[in-house]
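Top to bottom, those sequences are chains V and D.
So for the first sequence, the numbering used here puts the first residue at 1; every next one is plus one.
So for the second sequence, the numbering used here puts the first residue at 534; every next one is plus one.
Honestly, the hints are just simulated from the structure, not real lab data.
There's no promise every hint is true.
What the hints assert, rightly or not - Quick list of the computed label-pair ranges, beta carbon to beta carbon:
#1 V833/D / E108/V: 31 to 39 Å
#2 T234/V / A714/D: 54 to 62 Å
#3 T234/V / E897/D: 29 to 37 Å
#4 V833/D / R358/V: 37 to 45 Å
#5 T234/V / T899/D: 27 to 35 Å
#6 E975/D / T301/V: 27 to 35 Å
#7 V998/D / R158/V: 30 to 38 Å
#8 L588/D / G189/V: 32 to 40 Å
#9 H359/V / E1012/D: 50 to 58 Å
#10 E975/D / R24/V: 17 to 25 Å
Claimed, not checked - Below, computed lysine-lysine pairings styled on DSS-like, alpha-carbon distance capped at 27 Å:
#11 K690/D / K573/D
#12 K697/D / K894/D
#13 K687/D / K984/D
#14 K573/D / K687/D
#15 K984/D / K111/V
#16 K111/V / K978/D
Since the structure is predicted, the reported quantities are computational estimates derived from the model, not experimental observations.
No residue lacks a Cβ here, since even glycine has one placed at the ideal position from N, Cα and C.
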Amino acid sequence: MPSHLLTVIALLPLLGVPALLLLRGDDHTWIRRIALVVSLAEFAISLFLLRGFDSVNPGYQFEEYYDWIARAGIHYHLGVDGISLFLVLLTTFLTPLAILCSWQAIHENVKGFFIALLVIETAMIGVFVSLDLLLFFFFWELTLIPMYFLIGIWGHGRRIYAAVKFILYTMFGSILMLVAILWLYNLAGTFDLPDIQAKLQTGMILLPARTELLLFGAFFLAFAIKVPLFPLHTWLPDAHTEAPTAGSVILAGVMLKLGTYGMLRFCLPLFPDAAHRMAPLIGVLAIIGIVYGAMVATVQTDLKRLVAYTSVSHLGFVVLGIFAFSTISIQGAIFQMLSHGISTGALFLGVGMLYDRRHTFEIKEYGGLVNPMPVLMSFFLFIALSSLALPPLNGFIGEFLILIGTFQNHHAWAAWAASGAVLSAIYLLWAYQRVGFGEVTVEKNRNLPDASGRERLILATMAVAIIFMGVASPLFTRRMQSSTDSLLQQMDRVQNASRRTATPELAGKQVGIELRQHQNASAKKISLRRVQP
Amino acid sequence: MTPFPSEQIENFHRLAPEIILCAFGIVIMVADAFVQAAHKRALGWLAFIGALGGLLGVHFMAHDPGNAYSNLIRADSFSIFVHLVVMGAAALAILGSFNYLDEENIQRGEYYALVLFATAGMGILAGANELVTAFIGLEMSSISTYVLAGFRRKAIKSNEASLKYFVLGSFATAFFLYGIAMVYGATGTTRIDLIADALQKMMADQGQVASLAILGLALMFVGLGFKVVVAPFQVYAPDVYEGSPTPVTALLASGPKAATFAVMLRIFYVSFGTAGNFWFWAVWISAVLTMIVGNFAALVQTNVKRMLAYSSIAHAGYILVAFAAGTDIGIAAVLFYLAAYALMKIGAFLVIAHLGQPGEKRLEITDYAGLGGRQPVLAICFSLFLLSLLGLPATGGFLGKLFAFQAALDSKVVWLVVIAAINSVIGAYYYLRVIVAMYFWEPSKEYLPSKVAPTLAFALAIAAVGTLYLGIFPARVLELAKVAADSIYLR
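Chain V extracted, bound-state conformation:
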């Protein structure tokens, strides 16, 4: 029996939308409750993915395959593998927390706010589970509009500027990706990712070096803007700072990973030659991002902006790990994506709680907060330590795997990147010191209430996740292992296929045989698929 689990997970949040629409606009309590229930149900259902997931199988699981626009070769094709599995879970985990943290912070147009959050959840999950290039693009663009409204309507200060900058930056990248997708369709005759991969591996389609580089460039640009990779990062501090807390959590927690996920899913397996050729440049940019992001974070006077810049630094690690092309570094990159989602999401939640009390992000407005709010600030310290990669917390595992993986192939890169780990200790601890320790400097802060029950619940959940990811990391890496191995093998196979055809003596015979084998294989695959539903 074919499984529809992924469809259910991808579309369940959308079911909440009509439910919310039916409620009266001023019935805030029920709007919040229903949104929370939907997102919790979503998280519960997504846990079934873990149960059915076969960690030995490197391919896509829970596949669903239907025609959507048959004449144009567009299919509804979903599936997860070890790379996307945990990103889906990260999304379903963070969304209820984002809803909880907006419980009291949002007063205006509450209905619209929660609808936007649910739509964004659907879109992000859609991106992670789509195996059809056009379906992927569809969800990719769908993430933009709700986030645009989240920033623009419920954001702070310069929200309009930030919202427009965010959407224009991302669109510019993605439209070129669309052209590349269409071009790839012209070459491969399908939008189906596994099909294209198979055709590339068997040499059925060969990308000339220049074409490959252009296609890689178009995809990479879209993803690099999203990540964001230095020097394309300038939209990020604005968007993160001006967004409401829930928006920042979603943005930093999940949306940035859409970019790094895209690199893993498309740039590497489809264009390995170009990826290898561009890797030195990308590695250097990633390292600049790590160091630059950390240094700029150090000098921020605005707490939220500081946290925003840490993302530039941490995501630099992820990109570095991906383009070091070793199993360990790529696993580290995926792990770092998850742990950054948790840690930075938690940091934004903490900053949001401070904002709810004082309505400012200025560091100098705070100071000595440990005195009035011991519980909140203890959690805050714990989260900061996780973000600066203290062993045995989650941040450490990711950075460590990335660094040893990178060291295997590039000693210098690893050395430079390691300095980022030191800098992160500086900016986070220094910021914490200025906010938390010492005497209370601003009189208003003396009587701030400590964390409420709801806030304790949010922070404690995050703390548990942080510890769990730190000590139980093999539970994660074990499930990533075979998919990352197979990713690197795929890259090799595609490169071999193109090299073989480049040397004429070997070309004719071998490719002929493989072509036939592949045709048989794909015929079987297709017949299987037709029978299934």
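Position chain D relative to chain V; hints supplied.
This is chain D only, laid out in the frame that chain V set:
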């Protein structure tokens, strides 16, 4: 009694939409003299029924395809597709006009009659198999729309629009006519399919196409390019679109564009398609210019109606991208685009018509501030149309662009697609600016929202649902477009 010749019945069937539309138009003209001013709206309903009757006429066409009136008219799938677009556009525009005309105090029968005559002209354009017939269709639709553009007689802008459209439009049709004469001189025929044969023979005999024929095509491109508003013949459009009564603008931006692109497809693809793609670069350059002029000019507009006028220039550019493909995939892409475009553009202009309030006073972007809070449903509809014009997934506009790009890439027209893609991001800025105003700005205090009339709401609902339908379940319409594309070459 002599039996009615079956040939005549066939002719009637194949021209049924136009016959029905003109009949209703004449009835309205006559009835206008007897209907009291208070009941003029009944004539509007009659016109709406006429437009639906036109759609029924398409049904006759579909059941009896072939050539009519000594091969002057072709009733093929292509013509049927364009008929559906044009008449759907007319029906929506009529629905959107009722309250507008009341508000402007110009509720009169001839308005509706002219809309029907214009639509009949567009229908003839879509089905023309002969250049002089195409010319007649062009004139029929043009002259009716010249009058419609000036229908707010007391408004100076409307007068200016009408006059400008008339003078420049006449000039353009003259170009078209001159082009026909030259092609006739070169090939000895004005029939679209026979021109193809003559040119092919010319190629075989002399190895090239006579320069007279190419010059003729160039002149026709000028004339038709004026009507579909492509650069460098776009200069008149912003003024005319801005000055015309807004429901008329909705019609102008959708119907004539679709019909004229249809006849362009027939002339360029069928007549001149077999003789080599020598028009390719003309279309390429025109497409680039059109997109750039349209988008960059729209960036600096503060008047939303004028901004949408420039946006429709930009969209003509995207359609030309598909046009440049030169294949049947390209035709299908153009047709799909036209259908999606008509829905979203009419929807957008009808929203503007409503929000303009009497005298079309409220057209500035600042007038849209805070609309999202004041009139949420209307704002959502408008956002949908704008996002579709922008080309965001799940809307017809996205798939229209997608198929256009796909068709062009299929013909290896890569750089044009890249330019178009970058242009569509530039376009994003000005569409989003309206959404910013509607949702992110504080509403102005003195604005009193007026109620959306049921007829207008119905028209908007159709446009919105259609836009989403084309964006999510495009398979059927795409299938029709492909069949239509194939039918154009059949003899």
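Status of each hint after checking the structure:
At roughly 32 Å, the beta carbons of V833/D and E108/V sit within the given window of 31 to 39 Å. About 59 Å separates the C-beta atoms of T234/V and A714/D, a value consistent with the hinted range of 54 to 62 Å. Checked against the hint of 29 to 37 Å, the pair T234/V and E897/D passes, with Cβ atoms roughly 31 Å apart. Distance hint check: the CB atoms of V833/D and R358/V are about 41 Å apart, consistent with the given range 37 to 45 Å.
Checked against the hint of 27 to 35 Å, the C-beta distance between T234/V and T899/D comes to roughly 29 Å, which is consistent with it. A C-beta distance of roughly 29 Å is found between E975/D and T301/V, which places it inside the suggested range of 27 to 35 Å. For the pair V998/D and R158/V, the supplied restraint of 30 to 38 Å holds, since their beta-carbon distance comes to about 37 Å. At about 37 Å, the CB distance of L588/D to G189/V agrees with the hint of 32 to 40 Å.
Evaluation of the 50 to 58 Å hint for H359/V and E1012/D yields a pass: the beta carbon distance comes to about 57 Å. A C-beta distance of roughly 24 Å is found between E975/D and R24/V, which places it inside the suggested range of 17 to 25 Å. For the given pair, K690/D sits about 25 Å from K573/D by alpha-carbon distance, which is consistent with the 27 Å threshold. With a CA separation close to 22 Å, the supplied pair K697/D and K894/D stays within the 27 Å bound.
With a C-alpha separation of about 25 Å, the suggested pairing of K687/D with K984/D holds against the 27 Å cut-off. Proximity of K573/D to K687/D is assessed by CA-CA distance (about 20 Å); at most 27 Å being required, the pair is judged to hold. Under the criterion of a C-alpha separation no larger than 27 Å, the hint pairing K984/D with K111/V is consistent with the structure, at around 24 Å. Between the alpha carbons of K111/V and K978/D the distance comes to roughly 24 Å, so the proposed pair stays at or under 27 Å and holds.
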